[in-house]
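Q: Each chain, letter by letter, is given below.
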Amino acid sequence: MDQANPHSGAYGREARAGLRDIAPAAIAAIPIGLLFGAVAAAKGLTPAEVGLMSALVFAGGAQFAAIEAWVHPAPIAALAFATFLINVRHVLMGASLGPKIRMTTLEKFLSFFFMTDESWALSERRALDRPVTGAYWAAMVAALYANWLASTTLGAVLGSFLGDPARLGADFAFTALFIGLIAGFGRSRVTLVTVAVSAAVAALVHRFIGAPWHVASGALAGIAAAYLAAGRGARS
Amino acid sequence: MTIDTTTLLAIIAMAVVTYFTRIAGLFVANRLVLRGRAKAAFDAIPPAVLVAVIAPTALTTGWAEAIAAAITAAAAFRLPLLGTVAVGVVSVVLLRGVF
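Residue numbers (my numbering), protein chains in the order written: chain Y, 1 to 236; chain F, 1 to 99.
Some chain F residues well away from chain Y (every beta-carbon gap over 10 Å; in silico):
#: 1; residue: Trp63
#: 2; residue: Val98
#: 3; residue: Phe99
Reference listing, derived: stretches of chain Y covered by chain F, where coverage requires no fewer than 3 residues with Cβ under 8 Å from a Cβ of chain F:
#: 4; region: 78-91
#: 5; region: 111-125
#: 6; region: 207-218
Calculated from the structure, these hints are not laboratory results. Even for Gly, the Cβ is constructed at its ideal location relative to N, Cα and C.
In isolation and in its complexed conformation, chain Y is listed as follows (with noise of 0.2 Å):
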């Protein structure tokens, strides 16, 4: 504690909130960061390129539909597009947070590259009732981004180690998690309808087209379905 400068103090508070408000999560990415290593690695992917992958995407559903669509060599444009369709969702997270947050427009650019679900989520539940700082920002990112890619390149490395994952249904653990993470969605009606169709449609591609574009259509589909859906629920 440093009483004699006041701001120094208010970082130090600032930071660790952060680090209190981010612990849960993080510990909760550790075993699914070893997941990711590990299926990656049995793709053919080598801990140095999953380490890197980690670093410079850091966007943990766009990494796992990619690797869970991975062949090689790899398809450039539909791992990319895969990539935009899933984190589209950060335009809305970025502009509705982005006026929030006590920084400067360059310390916004530079610091909007850590933006995850968990700290979106949790910085802006701070803006209810307080200002969002840098110091809360960078304590609650830096502690996310350390922990996502040292679980993910030590997965990648045990798991190149571990030899062929379907042996202990660990190959179904990415499907599992992805169950759970679209069950965070909802059951409306407009949701149910959205997922039959983009499981229908993805399905059918798969078979008959073939990876990676089962994602792009099946996912177009599901949003296609979704408007269709609202529309006639806002009729009725």
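Dock chain F against the given chain Y, drawing on the hints supplied.
A: Below, chain F alone, put in the same frame as chain Y:
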């Protein structure tokens, strides 16, 4: 420490696209207001993408995976994320022993 060139390009493409989505909101702040059907379609993007990614594994691999996916979905509304993953993995291992 080997990095394949095509893999590197794919990672860079994913990184550029992701960074774009993260900062794009700063340009449209307070100007992007979605409502009605457009909002429903936008809100549907994450679940639609997630479902499309796993549909082939869950639905067309075999009976063990399809039934395990149904069990996992039932668990997903009652358990935290890691519990859901555990239920899915255990059920697929058991079901693969049956089918």
